[in-house]
Amino acid sequence: MTLLAPDNKLLFKGPDWDFDLIRRVHDACGEIAINEMGLDPYPNQIEVITTEQMLDAYASTGMPLFYRHWSFGKEFARNEALYRKGYQGLAYEIVINSNPCLVYIMEENSAMMQTLVIAHAGYGHSHFFKNNYVFKQWTDADGILDYLEFARGLIAKYEDRYGQEEVERVLDAAHALQSHGIHRFPRKRMADLRSEQRREEERRRHGEQLFNDLWRTVPQGKRKPNADEDARRKALLGLPEENLLYFLEKTAPRLAPWQREILRMVRMINQYFYPQRQTKVMNEGCATFVHHRVMNRLHEKGQIDDGAFLEFLHSHTSVVMQPDFDDRRYSGINPYALGFAMCCDIERICTQPTDEDREWMPDIAGNGDAYGTLRSIWANFRDESFVSQYLSPACIRDFGLFNVHDDEQEEDMNVAAIHDERGYRKIRRALSKRYDVAYSDPDIQIVDVDLAGDRKLILSHRVLDGMTLEDSDTDKVLQHVADLWGYDVKLVEADDAGTVRAEHTASPRRPFM
Amino acid sequence: MNIIDRRLNPGGKSFANRQRFLRRARAQVRKAVREASSSRSIKDAGKGGEISIPSGGVHEPHLRRSSQGGVRDYVLPGNKKYVEGDSIARPQQGGGQGSQASDSGEGEDEFRFALSDEEYLDLYLEDLELPDLAKRQIAGATSVLWRQAGYSVSGPPSRLSVPRTLRHSMSRRIALKRPKADEINALREEIEKLEREGGQYEALVQKRKELEHIIQRSKRIPYIDPVDVRYRRLESNPKPIAKAVMFCLMDVSGSMNEHMKDLAKRFYSLLYLFLNRRYEHVDVVFIRHTHEASEVDEQTFFYSRETGGTVVSTALFKMAEIVRNRYPVDQWNIYAAQASDGDNTSSDNAVVLAQLRDVILPICQYYAYVEVGMDDEDDHPGAGEPSTNLWRAYRRVSVDAPFAMRKVKHRRDIYPVFRELFARRPEGVAADGA
Chain A
153 MTLLAPDNKL LFKGPDWDFD LIRRVHDACG EIAINEMGLD PYPNQIEVIT
203 TEQMLDAYAS TGMPLFYRHW SFGKEFARNE ALYRKGYQGL AYEIVINSNP
253 CLVYIMEENS AMMQTLVIAH AGYGHSHFFK NNYVFKQWTD ADGILDYLEF
303 ARGLIAKYED RYGQEEVERV LDAAHALQSH GIHRFPRKRM ADLRSEQRRE
353 EERRRHGEQL FNDLWRTVPQ GKRKPNADED ARRKALLGLP EENLLYFLEK
403 TAPRLAPWQR EILRMVRMIN QYFYPQRQTK VMNEGCATFV HHRVMNRLHE
453 KGQIDDGAFL EFLHSHTSVV MQPDFDDRRY SGINPYALGF AMCCDIERIC
503 TQPTDEDREW MPDIAGNGDA YGTLRSIWAN FRDESFVSQY LSPACIRDFG
553 LFNVHDDEQE EDMNVAAIHD ERGYRKIRRA LSKRYDVAYS DPDIQIVDVD
603 LAGDRKLILS HRVLDGMTLE DSDTDKVLQH VADLWGYDVK LVEADDAGTV
653 RAEHTASPRR PFM
Chain B
5 MNIIDRRLNP GGKSFANRQR FLRRARAQVR KAVREASSSR SIKDAGKGGE
55 ISIPSGGVHE PHLRRSSQGG VRDYVLPGNK KYVEGDSIAR PQQGGGQGSQ
105 ASDSGEGEDE FRFALSDEEY LDLYLEDLEL PDLAKRQIAG ATSVLWRQAG
155 YSVSGPPSRL SVPRTLRHSM SRRIALKRPK ADEINALREE IEKLEREGGQ
205 YEALVQKRKE LEHIIQRSKR IPYIDPVDVR YRRLESNPKP IAKAVMFCLM
255 DVSGSMNEHM KDLAKRFYSL LYLFLNRRYE HVDVVFIRHT HEASEVDEQT
305 FFYSRETGGT VVSTALFKMA EIVRNRYPVD QWNIYAAQAS DGDNTSSDNA
355 VVLAQLRDVI LPICQYYAYV EVGMDDEDDH PGAGEPSTNL WRAYRRVSVD
405 APFAMRKVKH RRDIYPVFRE LFARRPEGVA ADGA
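From first to last, the protein sequence lines stand for chains A and B. The numbering of the first sequence is our numbering, which starts it at 153 and goes up by one. The numbering of the second sequence is our numbering, which starts it at 5 and goes up by one.
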């Protein structure tokens with residue numbers, strides 16, 4: 153081992169690392185990320201893991217612990233087969249939105265890679281998790297690990313008590329519905345007794361003030377009974393309800409308490425992941441921008457040598473590579489590439505704006521405070537709004553984005569917009585829509601229950617742009633809904649004009665009880 | 005900041021989930037294993053490996069839009085030649101239609117993954133319920149095993165025993181009173197001291213003589229002498245090694261159809277698996293016969309067709325000949341499994357019986373005859389004995405011979421044959437082969 157000379161500021165030399173080095177690297181990255189860029193991340197907990205453990209983590213959606221279910225075993229078997237045959241590499245890190253922020257790093261990584269990973273996950277993602285509004289609003293970073301621990305224990309307990317197979321049935325059904333087990337808006341809270349009382353008093357007072365005996369003498373028409381019976385019933389049941397799992401948990405007539413508990417648990421865990429789906433581009437963009445800046449600064453300050461820097465550039469460029477649409481490797485827009493390009497572009501607009509930028513983004517162009525602007529953007533936007541606000545014409549040109557319009561009714565698809573004067577806004581709008589989860593998830597709601605008749609549950613899918621549901625999957629999911637509900641279920645797909653596009657029905661096979 | 009080293013945490017966190025997955029997909033995995041095993045060679049029958057199952061059974065449905073139809077807007081990167089208003093032909097079957105269809109990766113028709121040897125074998129043997137045969141010893145042929153036995157004065161350098169050599173060296177040095185290094189040093193120091201102090205000339209000369217003497221003595225008596233050297237000695241011990249040859253005899257005349265061959269193959273595979281667990285080395289010899297017998301490779305054995313009459317005795321003669329030439333009876337455990345549909349030229353039956361009784365059975369550890377039949381034939385348990393002419397001939401083989409015969413119509417019938425094969429073990433038989 154060579155001792156570094158005192159004036160040598162290099163953090164490391166060569167690919168080997170040890171725990172002391174990780175500590176030094178972490179502090180050096182922090183120096184740049186916190187003091188220069190003004191980031192505000194959670195404290196980090198860095199955990200070193202092996203390939204095997206990384207595969208385990210893959211199988212449980214990246215979380216360090218999860219309840220048991222066969223689908224995770226399937227995921228594990230799939231990833232293992234792909235990895236062992238060399239079709240798929242493994243991630244260099246996994247980061248978990250918790251406080252402290254858990255960063256898993258692989259033991260195979262070189263010292264440079266560990267630096268990159270710490271800057272990327274430990275500062276970039278961690279800052280984003282802590283400051284972005286969707287995460288603040290929807291996730292509880294302090295409690296998630298405890299909740300998962302609880303969930304694991306809960307499932308294990310129920311398996312002991314009711315048998316693996318029974319628990320699996322409920323979990324299968326809950327998993328099938330998990331994309332529709334999310335509260336997208338904070339829901340109205342039930343008023344507590346005291347405020348209810350206060351309201352009642354106010355209402356009475358108001359009535360007394362307005363009392364006029366004359367009204368009694370005005371002749372009244374015959375009141376229609378049950379005029380708004382429908383509305384009343386729906387209001388009682390809280391319909392329409394788009395959170396299918398929530399509705400079933402609260403109102404399915406034949407579920408046992410423990411089954412409701414499982415639905416609730418799946419719903420809660422899924423709610424935790426919801427923000428991640430909304431901020432993929434921004435989250436990765438933020439982390440990539442941070443690691444890029446940190447590595448560059450480390451190199452400028454002489455803390456990493458040219459060799460390590462070249463190694464960094466190699467892996468960085470392969471991460472932010474965007475294959476063209478006609479490339480064999482193309483599989484959608486790379487969130488790393490788009491996010492990173494947009495963040496760099498915003499920095500450019502803040503510091504060296506062109507006339508075009510001044511016209512398109514007058515509020516930030518040339519304000520000179522790139523980091524401050526980025527921080528506020530990272531805090532207050534999600535993918536959809538981020539793209540629709542900050543995708544600049546320059547960025548559209550760099551990517552060569554174009555918009556293809558595909559209408560079933562027409563013979564060919566046609567190019568609706570390209571990266572030119574007339575097309576920028578259209579492309580921006582179309583791309584922003586792609587990132588809107590409220591648009592990309594089909595809008596399915598529970599609209600009615602036939603309480604007087606056979607208790608049939610009626611769901612509706614609001615068909616947008618003529619896109620109906622995938623048939624075989626929908627029938628299977630509906631079967632799960634019917635099993636949970638215990639009676640027949642019907643799903644009507646209708647568009648806004650009221651035309652029914654498709655109908656699915658299901659009857660319970662063996663109701664839960 | 006904390007750094008935690010998780011590398012030493014117990015692995016296999018996904019094991020329980022994997023078990024659940026296998027249980028869930030059991031029916032399909034079992035089927036896939038069956039299919040995989042029939043396309044494998046007998047020697048690979050017990051190995052794990054990649055299998056693929058239809059993804060339908062382990063599919064996790066979600067509410068999602070279909071990937072086609074409706075009005076869609078795609079935004080794609082990398083425009084090179086298109087301008088606004090261009091028409092593009094719709095790609096076939098939506099393959100290239102952006103990321104919406106591929107985001108979950110659920111579109112696959114097949115789910116591929118790898119099974120370990122153990123998982124594979126479990127599934128493969130699942131419905132056969134192999135009995136616990138662990139306690140059985142099958143006496144094998146003898147061979148030489150070199151075992152350490154004491155020490156010798158000669159041998160190759162690699163077998164030098166250092167502790168033993170030094171022990172001898174030490175006792176010799178003590179016996180011959182070789183001066184120790186300490187003694188010499190002490191004497192030297194004493195001399196130096198005398199030299200420094202001066203005077204006492206007599207004593208100094210005395211001491212110097214003494215020193216010279218003991219240095220000479222220590223040179224004459226070497227630290228290690230060739231007589232000290234010892235080598236670890238090896239002794240040859242006869243040791244039973246497990247070596248077996250398995251003869252697969254099969255009638256390949258036209259009356260044997262695919263189903264029958266499949267049953268036969270399963271039986272052979274099982275026998276091979278079983279033998280392989282007990283012997284270090286198992287040879288497999290395939291002999292097929294019509295009216296004449298020949299030794300062939302596995303592929304030919306199962307898959308090529310041959311026409312002709314049926315003369316079973318030819319296979320037995322062939323087997324005896326191969327044993328004579330290649331598998332000395334005193335070194336090999338010989339197993340034979342014969343599969344046939346029971347047809348034989350009637351004039352041949354007596355020859356078969358004689359050959360079996362007098363030549364084959366005395367040299368065999370075990371001889372199993374499996375009569376394969378069609379699945380759809382009626383089974384009359386106990387009542388109607390199957391009565392093909394080969395069966396009738398074989399029934400005359402004496403009861404204490406290492407011989408089993410069974411009629412197999414279905415895969416599930418194979419196990420009882422196995423039980424019979426290994427449950428009964430007359431004392432004299434094993435010794436016979438050894």
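Since the hints were derived computationally from the structure, they do not count as laboratory data. Treat the numbers as computed from the prediction; the structure is a model and nothing was measured. Each residue gets a CB set at the ideal place from its N, CA and C atoms; glycine is no exception. Hints are not guaranteed to be accurate.
Here's a subset of chain B near chain A, in silico, CB distances under 10 Å, partners left out [as the list claims (entries may be wrong)]:
id : residue
1  : A20
2  : G89
3  : W150
4  : R151
5  : Y155
6  : R396
7  : R399
8  : R400
9  : S402
To see whether the hints hold, each was checked on the structure:
1. A20: Since chain A brings a Cβ to about 5 Å from A20 of chain B, closer than 10 Å, the hint holds.
2. G89: holds, 6 Å
3. W150: Because about 39 Å separates W150 of chain B from the closest Cβ in chain A, which is outside the 10 Å limit, the hint is violated.
4. R151: Since chain A brings no Cβ nearer than about 40 Å to R151 of chain B, farther than 10 Å, the hint is violated.
5. Y155: violated, 45 Å
6. R396: Violated, about 51 Å.
7. R399: Not OK, violated: R399 of chain B not within 10 Å of chain A, min 49 Å.
8. R400: violated, 53 Å
9. S402: For S402 of chain B, the interface hint is violated, since the closest Cβ of chain A sits about 53 Å away, which is over 10 Å.
Taken one by one, the earlier hints fail for this structure at numbers 3, 4, 5, 6, 7, 8 and 9, listed in ascending order.
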